[in-house]
Amino acid sequence: MIRFLLRRVLWGMAIVWFVATLVFAMFFVAPRDVARLIAGRQASDQTLEVVRKRLGLDQPVPVQYVRFLGRLVRGDLGESFLTSEPVVNVIRRGFPVTASLALGAATLWLIIGVGTGVIAATRPRSLFDRALTGVALFFYSMPPFLLGELLLLFLFFRLYMAGYSFFPPGAYVPLTESAAQWARHLILPWLSIALITAATYSRLTRGAMLDVLGEDYIRTARAKGLTEGRIVYKHALRSSAAPVMTQFGIDLGGLLGGAIVTEVVFGLPGLGREAVLAITTQDLPVIIGITILSSMLVVVANLVVDMCYALLDPRVRVR
Amino acid sequence: MSVPIRARGPWQLAFERLSRDRWAIAAVAAIGIIVAVAVFAPLIARVVDHPPQAQYRDTGLSPSGIPVGPGRAFILGTDGLGRDILVRVAYGARVSLVVGVLASGLAVAFGAMVGIVAAWFGGAIDTILSRLMDVVLSLPFLVFALALVAIVGPSLVVSIVVIAFFSWASVGRVVRAQALSIREQEYIRAARSLGAGSLRIMFVEILPNVAATLIVYATLLIPSSIAFEATMSFLGLGVVPPTPSWGNMLADSIAFYKVAWWFVAFPGAALVGTTLAFNILGDSVRDAFDPRHDQTIVIANGEEKKS
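Keeping their order, the protein sequence lines are chains P and W. Here the first sequence stands for residues 1 to 319, where the numbers follow my numbering. Here the second sequence stands for residues 320 to 626, where the numbers follow my numbering.
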């Protein structure tokens, strides 16, 4: 078990290192003149010189690379070119917003996705199953930004015009300020992520459940007279959790690094929106910081999933 | 009287199943319409006499500068600059289809190559390529894609390459798994003993046997590539305005959704209609090749781990 964990952790660190190298190559080696990229087209030669010095761009590439990694290991992500704010602060500001968005949406999509998937699997080919297939495919085909826009149009604006204002059109209220307002402001963003992602989970759960329900031990459970509910929820659901869990790790990890589109549509000041802002203003340290952070989150999420796997299923540890 | 038995190959069987599938036929019809609209976009522009970039500030905007709704002059209404939405949606179809088809074609070709090479050579090559696929799959792709585009500068070609780069790994993984089992078949050994080289075995013996998977993947990657492109355009890092794409139209429409529902509705419907049609077709194609398989969306996520 320890060796298995160690191997996974090392592999995770290798990925983060790889990402850092890729980012370094993308931003400092590939562009012909990074200083000009940063200082802007109109910058004078003196300004360029200062920028080069400040960033250490006058050093050879390997030296820059080692310094870059060194700063990264110390958790120093540099300062924003635009505001001179430490990137760590930008992340610290954006993360609670993104985390609120991601965790709430994840809870919703697990409930919706797994719930409908189980019902569909226990009644295959029924009307519910067929209808669900259609609905799932529809939401699966919907790009998140479009669903966000539609939710704004119908659930916020049309209701608001009709005199009901249940759903605010976005903006973020910290959880520490008011839990009720926090949730109310996040309902539409949550839904716009959850409905789409739930489609995948619904299908995933249905498929896995159908496989498991055909197994011999389920027949045995039936033969010994267990209730259908016990069979479905206790026996079948547990064994079909594995593929759902894998997907969950990937999705949640990806989302925590910034639900870019949703944050942009609803104007939530999370990591994703910070990243887009930084990209449009060429604010390199912020882009680099968020990119590396989000890959770390994906890696950590995968690691957690692997650990859960290993705890649930001893066979995994051997491989 | 005995019923004559006709030999039918797997491709023939698949095609027959597909042509009996009502959903598949509907999807093909829908895709046909979209393709026709894209191809004949200039004709549509000519008929309604509104070039895609023309701004009708007098007729296309209300006196207070608000877009005009669907009506006789503008069948699907106008956008924030008084341009004809019908014409722009039609031109947008070109962008979406070109990006969708080329990006997924590129991804499938590259993924197939890497998957087959990894499986055939095995050993260190397999380890390196498999790890590479793992890494690509664990990149936060949207952030990376946006950052990449920000450096290179947005354009149609850049979009295609970036989308393909982030999609090939899931194909590679599945192809590798299949090729691993094909590699052990007798006919491969036979080909080898007849003196076939690695190249011949990989591309003449193995490739045709993973072709069904490749077709399924290509069909399922098209809608996700289209959505990916729309998302990049939406964020301002895809197709450069004023060239219309569904993504940048929807981005512009955000400022107007309270006063001009048609500005959101028509590009949105075109986008969802297209991805939905391709997803339905992809599903049916998969069912046609492998009737036992039941997991719809799962495959498209590249989460099928069989090895």
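Since the hints were made in silico from the structure, they are not lab data. Note that the coordinates shown come from a computational prediction; the quantities given were computed from them, not determined experimentally. The beta-carbon is built from N, C-alpha and C at its ideal position, and this holds for glycine as well. Possibly wrong hints are sitting among the right ones.
Partial list, computed: chain W residues near chain P (C-beta under 10 Å) [as the list claims (entries may be wrong)]: (1) Val322; (2) Arg325; (3) Leu448; (4) Arg519; (5) Phe522.
Short, incomplete list of chain P residues facing chain W, as computed with Cβ under 8 Å [claimed, not checked]: (6) Gln46; (7) Thr47; (8) Leu137; (9) Leu152; (10) Val244; (11) Thr291.
Using C-beta positions, here's what the derived DEER-type ranges look like [claimed, not checked]: (12) Thr220(P) - Asp445(W): 38 to 46 Å; (13) Ala530(W) - Gln42(P): 49 to 57 Å; (14) Ile444(W) - Arg93(P): 19 to 27 Å.
These are the hints, each one checked on the structure:
The beta carbon of Val322(W) comes no nearer than 30 Å to any beta carbon in chain P, farther than 10 Å, and the hint placing it at the interface is violated. Taken as an interface hint, Arg325(W) does not check out: its beta carbon lies about 31 Å from the nearest beta carbon of chain P, beyond 10 Å. Checking Leu448(W) against chain P by beta carbon gives a least distance of about 14 Å; that is not within 10 Å, so the hint is violated. The beta carbon of Arg519(W) comes no nearer than 34 Å to any beta carbon in chain P, farther than 10 Å, and the hint placing it at the interface is violated.
A hinted interface residue such as Phe522(W) counts as satisfied when its beta carbon comes closer than 10 Å to some beta carbon of chain P; here the least separation is about 30 Å, so the hint is violated. For Gln46(P), the suggested interface contact is broken, since its CB lies about 25 Å from the closest CB of chain W, more than 8 Å. Of the supplied interface hints, the one on Thr47(P) is violated, with its beta-carbon coming no nearer than about 21 Å to a beta-carbon of chain W, more than 8 Å. Against a cut-off of 8 Å between C-beta atoms, the interface hint on Leu137(P) holds, since the closest Cβ of chain W lies about 6 Å away.
For Leu152(P), the interface hint holds, since its Cβ comes within 8 Å of a Cβ in chain W; the closest pair sits about 6 Å apart. Hint on Val244(P) is violated. Least Cβ distance to chain W is approximately 10 Å, over the 8 Å limit. About 5 Å separates the beta-carbon of Thr291(P) from the nearest beta-carbon of chain W, less than 8 Å, and the hint is met. Separation of Thr220(P) from Asp445(W) is about 40 Å and conforms to the stated range, judged on CB atoms against 38 to 46 Å.
Taken as a hint, the range 49 to 57 Å holds for the pair Ala530(W) and Gln42(P), whose Cβ atoms sit roughly 55 Å apart. At roughly 45 Å, the beta-carbon separation of Ile444(W) and Arg93(P) lies outside the given 19 to 27 Å, and the hint is violated.
Hint compliance for this structure: hints 1, 2, 3, 4, 5, 6, 7, 10, 14 are not met, and every other hint is.
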